[in-house]
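Engineer: These are the residues of each chain, in order.
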Amino acid sequence: MIYRVALTILLALTSAQALAHSEKESMTPADGAILDAVPETIGLRFNDGMRLTKVEMTHAETHTEALDLGTQSGFVKEFSLPLTPMGPGMYHIEWRGLGVDGHPMNGVFSFEVK
Amino acid sequence: MPDIWGQAAVATKFLLYLGVLTSAGLILCRQVFSEQLAGLDRFLRAWAVFFALLAAAMSFLGFAVRGAVLMDDASGMTDLAILALLWETPPGDALLLRLLGLGALLTGVVLGGRWLWVALLGSFLAIWSFCEIGHVASEDRLWFQSVLFGHLIVAAFWIGVLLPLHKLAGSADTLRVAAVLGHRFGQVASVAVPLLLLAGVVMTWRLVGSLSALLGTAYGLTLLAKIAVVTLLLALAAINKTRIVPALQSGDPKAGPHLARSISLEWVCISVILLATAVFTSILTVPS
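From first to last, the protein sequence lines stand for chains L and X. With the numbering used here applied, the first sequence covers 954 to 1067. With the numbering used here applied, the second sequence covers 9 to 296.
No wet-lab data here; the hints were simulated from the structure. Please note that a few of the clues may not be correct.
[Stated by the list, open to error] One side only, chain L facing chain X, incomplete, derived with CB under 7 Å:
1) 984
2) 1006
3) 1007
4) 1049
5) 1051
6) 1055
Note that the structure is a prediction, hence the values are computed from the model and not measured. All residues carry an ideal CB built from backbone N, CA and C; glycine is no exception.
Chain L extracted, bound-state conformation:
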C-alpha cells in the first residue's frame, strides 16, 4: 500500500512541470514562431502583476546571456525587454519572476529566425 502511494507521488512529481505557478498569458514572439529577422525586443504579458527576476536567452544552444531587466518598480503585467541580435537560429527564452501573490513563477518559450 505504502509502496503504491510512494509510486503515485513519484509519478505526480515526474509529470509536474519543474516550478509550476507559471500563468503566462502571452509571449512575443509566440512560442514556436518562425521569423525573418531578429526582433529588437521580446514581450511578456501576464494576467496578473509580476516582477521579473531573471530572463535568459540561449541562441542556437551555444550562447547564453541574461537579458537586461531595466529598472522595475512594483508589479506590472507587461514587459518589453531588449534582445541582442545573434543572427539566424533558434532563440530559447527562460524567465523567472515573482507573482504579486508571492508565488515564484517561471516559464520558457522559443522562436526561430531564418
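Starting from the structure of chain L, add chain X where the hints point.
Structural biologist: Relative to chain L, chain X alone:
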C-alpha cells in the same frame, strides 16, 4: 522532476510543517489533557522547544530558498534586493506572523506553568500563518482561510498526542495513564476528526473543482495519494480506538507494545501526508 531549488522548497516546507504542527500539537494536548500529561511536563516542553526551533530555522531557510528559486541560483538566498522584494509579498507577511507565533510559543514553553497559555496562543498564530499564504489565501475569503485553520488545528492535535502516548505506552508503570489518555483522545477525535475530513473535502472541492482535474493533473494525483495515506491513518486510529485502547484499559500487558508500534506506523503515515502536502503547496499549480 522539479529542479534542485524546487526540491529544496519541498524539503524545507515538509520540515516546516512537521515543526509547526508538532510543537503546536504538543502544547495543545498538554493543555487539553493537563491532568494526564502533568507528569510529562518536562518531556513535552523539551520536544516542543525542539520542534519550534526546527520550525523557526525552516521558516528562515524556506524564505531564503524562495530567493534561490527566483534567481535559479544559490546567490538568491542572500540577495538583499530579492529578499526585500519577497518581504513585501504574502510570504513576508506569513514569515513575520510565523516567527511572532513561534516566539510566543517558545517563551511560554520555556517559562512553563500559566505561560503555557501564551504558548498556545503562539501556536495558533503560527498555524494561522499558513492561512495567509498560498492557494487558500489567494481566494481572499475569511471563511475559506478559517476552514484551513480548523483543518490544521485538528491535524496538530492528532500529531501532538503521538509523542506522549508513545512514551506512556512504553513503560509498564504508565500503561494506566496511557489508557486514560488514549480513551480521552479517542473521545475528542470522534468529533474533531470528522471536522478535519470535512474541511479537507471543502478545500478539495474549492481548489480542484472537478473529478477530471482530480484524476488528470499532478496536483489532483498528489492529493489522491495524500487521501490514500489518510485512509490508512484512519484505519490505524480505528484499530487503536476499538481494540488497543480497550485492551490497555483492561490491563493487557501486550497492549502497550501494540500501541507503541501502531503509533510508529502513524508517524510514517503522517510524514508521507506532510510530504505530499509540501509537494502540492510548493511546486504544483491548482487545477481550478
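Engineer: Are any of the numbered hints broken by this structure? If so, which, sorted upward?
Structural biologist: 1
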